[in-house]
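Enquirer: Take any residue in the sequence shown, note its place counting from 1, add 4, and you have its number in the numbering used here.
Keep in mind that the hints are not guaranteed to be accurate.
Stated by the list, open to error - Mimicking DSS-like on lysine-lysine, the simulated pairs with C-alpha atoms at most 25 Å apart in a straight line are:
id, residue 1, residue 2
1, 65, 101
2, 177, 162
3, 65, 32
4, 144, 320
5, 206, 273
6, 206, 112
7, 112, 32
8, 273, 177
9, 265, 112
10, 273, 238
11, 91, 238
12, 320, 306
13, 55, 66
14, 273, 162
15, 93, 65
16, 265, 101
The set of hints was computed from the structure by calculation and includes no laboratory data.
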Amino acid sequence: MSAVAEQTQVLADRINALEESSTLAMTKMARELAAQGHKVISLSVGEPDFKTPAFICEAAKKAIDDGFHGYSPVAGYPDLRKAIADKLKRDNNIDWKPENIVVSTGAKHSLANVIQVLVNPGDEVLIFAPYWVSYSEMVKLAEGKSVIVEGAFDNGFKVTAAQLEAAITPRTKVVMYASPNNPTGAVYSEAELREIGAVLEKHEGVYVLADEIYEYINFTEEGHFSMGSIPALKDRVITVNGVAKGFAMTGWRIGFIGAAKWIADGVEKLQGQVTSGTNSIAQKAAVAAFNGPLDATIEMTKAYARRRDLVVGLLKEIPGFKVNVPDGAFYAFPDVSYYFGKSDGTNLIKDSDDFANWLLNNSYVSTVAGSGFGAPNCIRISTAAADESLAEAVQRIKDAVATLK
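Generate the whole structure from the sequences, applying the supplied hints.
Expert: What follows is the structure, encoded as structure tokens:
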């Protein structure tokens, strides 16, 4: 047995059972190729390419000057929790008090906290697919069982109320979804979420984990709707959001939950034993973000909509690609299964993992296989890049797949 194999056996089973994040793995491979001198266009990471708005940065500088250098409260500074409660009331029609808010180190941390707090071994978590790569792994860590409910391509990748009703069992504890969605850009309308909510009203022991991190990046005329605003479900919906996407603050690592106090208390209890309070300076920056104007956010969203149109239009010109039009977020999610079973004479493309790896090594464009998102026929392409880079990347993809027979 090799030394690596022996070391792996020492690791806890829960770690050995985890899959590596496919988005982070592809980003790492792209960086390695770039370090070798290749001109890689990286469209694998879900990160805005804009700078954090200046007024938010100024608030962080002031916090440093004002001496916010110590430990912060576990659940977050009072002024941030109030700013978040005000934001939820203003933007989402969710009436929570600061005591219902817990601030964590990014929305990812918030999601993981809630799952650890609610899910017991054997509990079922219904996950609307396609889903963000970490959802199922978070459930695995909690020793729960992921039950995948697939949204059809022809329905914009969205799950229906009828599908949800058919999937619920006595073991169902949590329903987990994102709108706008990563990786598809799908946005659930108010009518669709109310239909889903009507199903959940009949199942009182089922909780909803609503990931709304892409809330502001929404291209629909109707805009965003939060399931937590439905009065009958308010105490059973945990709304998760943060500053990463809408304010271009991925590195600041601020996320939050809005939830019934007993759930918020449970999350605070867990966080107190794991990470304690979130970065103090980043929290003060987030206060400015939530209390400040959305001008920069609106301009970023306009840019993402333009890029969406550019990329989707170009992808539709590639033979064999099936492309839907995302209503939010900053991704395209084409079905590339037409190329499964084809070869360039040396490499056989068997699935989306092969396809994404082949693209990276042959066109130097980094994407992410859909398998990690619960959609093995697709690849995810981030549109959070300059228009020129996006156009060149799609042209490279088009040229590359032309060699597959």
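Enquirer: Taking each numbered hint in turn, which are not upheld by the structure, reported in ascending numerical order?
Expert: 1, 3, 4, 5, 6, 14 and 15
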